[in-house]
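Spelled out, the chains give:
Number of protein chains: 2
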Amino acid sequence: MRLRNKPWVKDEMRTFDNLLEEPETYKGRWAEWFHNDHPIQIELGTGKGNFITTLAEKNPDLNYLGVEVREEVLVYAVRKAKQKNLENISFLWFNVEKIEQCFNPGEVSRIYLNFSDPWPKSRHAKRRLTHASFLEKYKQILLPGKEIHMKTDNEKLFEFSLNELSHAGFQLKNITLDLHQSDYMEAREVMTEYEQKFVERGMKIYRLEAAWMGDK
Amino acid sequence: MRLRNKPWVKDEMRTFDNLLEEPETYKGRWAEWFHNDHPIQIELGTGKGNFITTLAEKNPDLNYLGVEVREEVLVYAVRKAKQKNLENISFLWFNVEKIEQCFNPGEVSRIYLNFSDPWPKSRHAKRRLTHASFLEKYKQILLPGKEIHMKTDNEKLFEFSLNELSHAGFQLKNITLDLHQSDYMEAREVMTEYEQKFVERGMKIYRLEAAWMGDK
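Protein chains in written order, with my numbering: chain A, 1 to 216; chain P, 1001 to 1216.
Certain hints may be false.
[What the hints assert, rightly or not] Taking lysine to any residue and the SDA-like style, the derived pairs with C-alpha atoms no more than 25 Å apart in a straight line are:
#1 P:K1121 x A:A187
#2 P:K1204 x A:N163
#3 A:K84 x A:D17
#4 A:K139 x P:M1213
Since the hints were made in silico from the structure, they are not lab data. What you are looking at is a predicted structure, and each value in this text was computed from that prediction instead of being measured.
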């Protein structure tokens, strides 16, 4: 059953205490929200949340925030984290375009971009989450030396992202053009919902890490 | 007919005045060899020379040097350049491993690596022409701001090269995972012998440019 345009989804969402509708109010105060000062990793476009809830389970000493604007998928992520009683994860019901409004400089220790919309048409390039204009926002919230980790099945988006990240001064590493035939065991373990389907079909997954080296 | 182990190949080679067997003697004096001070671009592993002779024909205001240690292919390149009466190209019958002995710092304005041997086994990684140890040699001879242009059909070599180049401080750009479906018209035009065959078979060609930004 698709949940789009089901008004009760929004009502259900609002019963969860791990969901923030106005996350800007915690800018600079995320340690208060989590009741600790552990590093914060965020996933932009969290979808149904399999990836980030799995990470949160594996790493209780890190805090996680999943950002997603579409309530019809986000509700699954929120439920999942609740069912697992995870204390170190919350969700921002929020548009990634305004992400820099939610964090102080250096407040984010890692950004995950998983299977972002490729926006294949050139005139939509600005909407891709690795477009230069988004990278400028990420630089504002990432601590220098910290990283963006990206996975996608889309060759063109990956190619675009390699170029945009390199141009913006990120240092690329651990690039693989076929993750599930690679030696990156840890990165292979934690999969998104999309990724599980793609891998079952034998499709290739591209992955990179990009370290923000700070302004020269 | 294969030319390997044909002693007359070496004899024929030595009749050409566009071939250098001891190129170290021109280190720092390439302007003397070419009778001008035009920028010098080099191709490492020139093979039968289609790529670099095509470039030399197109760009009379640049000088070209093709480096190749295997005389059984190099002889074709040397003949080709002679038949076309190209004055702005010569060949180094020389091992790429010692390339830094042939040029002063900054004497090379661009390095081309086309369809280099992928050396697929891990224990042979050091032989790949984009291994960190080779990149250190290239840094010694490239002017800062100048570039390495690389093409290959081998996914694993390309992946390796992206990582090595980024780690070594080169800034990557114009990366494509499918050159002949891309908008890089100029890079598509000049093809190596291998490339022509691969493209006819519909195989993908990977390409990148990597600018050496100089020591920080």
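Of all the hints numbered above, which does this structure not satisfy? Sort the numbers upward.
none
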